[in-house]
Amino acid sequence: MEDVAVENQKAPVIQPGYTFGTVTDKISAIVLTRPTSTGWFVGFGVGFMITMMMLFAIGYLVVKGTGIWGINIPIGWGFAIVNFVWWIGIGHAGTLISAILLLLRQSWRNSINRFAEAMTLFAVASAGIFPLIHTGRPWLAYWMFPYPNTMNYWPQFRSPLLWDVFAVSTYFTISLLFWFIGLVPDLATLRDRSQNRAAQIIYGMLALGWRGSARHWHRYESAYLLLAGLATPLVLSVHTVVSFDFAISIVPGWHTTIFPPYFVAGAIYSGFAMVLMLAIPIRKLYALEDFITDRHLQNSAKVMLATGWIVAYGYGIEAFMGWYSGNRYDAFTLWNRLHGPYAFLYYLLLACNIFIPQLLWIRKLRTSTVGLFLVALVILVGMWLERFVIIVMSLHRDFLTSSWGMYYPTRWDWMTYIGTIGMFLTAMFLFVRILPMISIFEMRTLLPEAEVKAE
Amino acid sequence: MKTTPIYGMMAEFDSPSDLVAAAHKTHDAGYKKIDAYSPFPIEDLAEAIRCTNHVPLVTLIGACIGGLSGYLLQYWVAVVTYPINVGGRPYHSWPSFIIVTFELTILFGGISAVFGMLALNGLPMPYHPVFNVPRFAMATKDRFFLIIFSSDPKYSPAGVRQFLESLGPRSISEVPS
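If you read the protein sequences in the order shown, they are chains R and V. Just so it is clear: in the first sequence, position 101 is 100 by numbering that gives the first Met the number 0, and no numbers are missing. Just so it is clear: in the second sequence, position 97 is 96 by numbering that gives the first Met the number 0, and no numbers are missing.
The shape of chain R in the complex, shown without the other chains (with noise of 0.2 Å):
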């Protein structure tokens, strides 16, 4: 591996002076030797309690119906498929992380794509909730998926709705299985490692009886390879077939070829902003700036900078379209986004996804944490209000005006929302105590020492 050894003007991706036994302590004792600060129990704590509220209004849910939410005609989604986007596109800059830097062979990924892939994991987790309470009764949704049935009935293949289900089952089940593959000889890293008994079983029943073989090794690697492989036209075509829920329709504003690349770049923009605002803290909390080093953080704002960009050609071919095609309900569209009553929430969408990030061409603030951190917060909350112009400002004046409508969410959506924000949290508060939040035997690869020198 060639570049290992980064050029001088580069930050390097792991501090110099680590040897295998130094990598490997400085990770598994976070898990195994560290004891649990109280800032970890007071995060998880409020995380806890934040999922506790989402339990409560998804069970009054259940018992009211989908009508205490703000949802109405003509504005069928609102906040359930607004999120829903959201949350799925936060996911994808795992899998991107994990595989296709993986195939362009970015050795600098090695120390990021653990979390990042759990990021993932725990984001898809929280998309899924959205769409399956929005169908009004969860305990049907299995009705969605094709099965011999009493009722003779089979799914409709010809919808766009039908194909996400599969493209979203298909998603979190290969994130899972990546995922899982991946912390398997640091599963058993962990179990040699440990010195406390039940530690040392649920370890090792997860490790699979790892040993390291090199026949096992070289298996390994082809299977991650091809799992990567394979995982990269997924994640590209998830994220576009969430863009045919709205594309295959004729609602003026979704009726458009531009969405499946800008619904994609869009994805990664607000999944970097969110890998970013766990890795700043995370490396601080637990001091791993030796692993996730500022080229790590640079590397994260020129990716945002570059798919900010491909999101602002998005906006830019809309507003074009509107006027170019001639057809007087996109130009309405149009209008409607500049002037309309929501007008407010469109101008504050192209702040945040387009004139802030901007920022980003300063040296200065790329290596600034705070800074960077700010404006990853400001990218999250632009995603999510490009999500809900989109699907709001689309619905709710279409072609007839005496269907036109105000759509205003209740406490009920905010509850949720939050909630899964909450869920998020706990998740990953749970993952970085119990599992190795980087990826161990990915880091001894990238130490000088690892080269095996010929005789």
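Watch out, some of these pointers could steer you wrong.
Claimed, not checked - Once the Cα atoms are required to be at most 30 Å apart in a straight line, the calculated DSBU-like pairs of lysine-lysine come out as:
id, chain 1, residue 1, chain 2, residue 2
1, R, 25, V, 24
2, V, 32, R, 452
3, R, 301, R, 283
4, V, 140, V, 24
5, R, 25, V, 31
6, R, 25, R, 283
7, V, 32, V, 153
8, V, 140, V, 31
9, V, 140, V, 32
10, R, 452, R, 363
11, V, 31, V, 153
12, R, 25, R, 301
13, V, 24, R, 452
14, V, 24, V, 153
15, V, 31, R, 452
16, R, 283, V, 24
17, R, 63, R, 363
18, R, 25, R, 63
I should point out that these hints are in silico values taken from the structure, not numbers from a laboratory. Note that the structure is a prediction, hence the values are computed from the model and not measured.
Following the hints, complete the assembly by docking chain V onto the known chain R.
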């Protein structure tokens, strides 16, 4: 006197380079039933101990089965068992079937890659004789091990020990089975 059957003889090395060199020498010395253990994947090592790898084939077969079953399922549902006439459009509206076919190709391919790899590796296997060597716990941290199995036709306790010592290992242990 009852003796424990021996699974093999294991040598411990400090660096990946030492292990790869030792594996090459062991193979050249005519020992065929050998294995090596390392805390991270080493490409040259797989070459030195002559590994077979059928994971790509298994994945290909899985992906093909996934794609075919995805398309055929949709065809059967939409054309044969549950045809719905939407504005006179053909029942066999294949462009709509591409997405689910694609997703199931990926799903089956990915599942085959992971479970195929585990099955070919014989995992999960919670017990294995090499775990009987106390120092083997270091194999998941920073030590590199080479083993010659007792099933090798050239295996003799004294001969193998003498050969492994010639490789300059850090330690040598007999692995009880």
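Cross-check of the supplied hints:
This hinted pair does not check out: residue 25(R) and residue 24(V) have alpha carbons roughly 35 Å apart, beyond 30 Å. The hinted pair formed by residue 32(V) and residue 452(R) meets the criterion: a straight-line CA distance of about 25 Å does not exceed 30 Å. Taken as a hint, the residue 301(R) and residue 283(R) pair is honoured in the structure, with Cα atoms around 21 Å apart against an allowance of 30 Å. Proximity of residue 140(V) to residue 24(V) is assessed by CA-CA distance (about 24 Å); at most 30 Å being required, the pair is judged to hold.
Distance check on the hinted pair: residue 25(R) and residue 31(V) sit about 38 Å apart at the alpha-carbon level, beyond 30 Å; violated. This hinted pair checks out: residue 25(R) and residue 283(R) have alpha carbons roughly 14 Å apart, not beyond 30 Å. Distance restraint check for residue 32(V) and residue 153(V): the Cα-Cα separation of roughly 9 Å lies within the 30 Å cut-off, and the hinted pair is therefore satisfied. A hinted pair counts as satisfied when its Cα atoms are at most 30 Å apart, and residue 140(V) with residue 31(V) qualifies at roughly 27 Å.
Under the criterion of a C-alpha separation no larger than 30 Å, the hint pairing residue 140(V) with residue 32(V) is consistent with the structure, at around 25 Å. Our distance criterion of 30 Å between C-alpha atoms is broken by residue 452(R) and residue 363(R), whose separation comes to about 40 Å. This hinted pair checks out: residue 31(V) and residue 153(V) have alpha carbons roughly 9 Å apart, not beyond 30 Å. Distance check on the hinted pair: residue 25(R) and residue 301(R) sit about 29 Å apart at the alpha-carbon level, within 30 Å; holds.
Restraint check for residue 24(V) and residue 452(R): satisfied, since their Cα atoms lie roughly 15 Å apart, inside the 30 Å limit. With a CA separation close to 15 Å, the supplied pair residue 24(V) and residue 153(V) stays within the 30 Å bound. At roughly 24 Å between alpha-carbon atoms, residue 31(V) and residue 452(R) fall within 30 Å of each other, so this suggested pair holds. Distance hint between residue 283(R) and residue 24(V) is unfulfilled; the C-alpha atoms sit about 47 Å from each other, more than 30 Å.
Annotation: proposed proximity of residue 63(R) to residue 363(R) is violated, straight-line Cα distance about 52 Å (limit 30 Å). The suggested pairing of residue 25(R) with residue 63(R) is violated, with an alpha-carbon distance near 50 Å, which exceeds 30 Å.
Consistency with the previously given hints fails for numbers 1, 5, 10, 16, 17, 18, ordered from lowest to highest.
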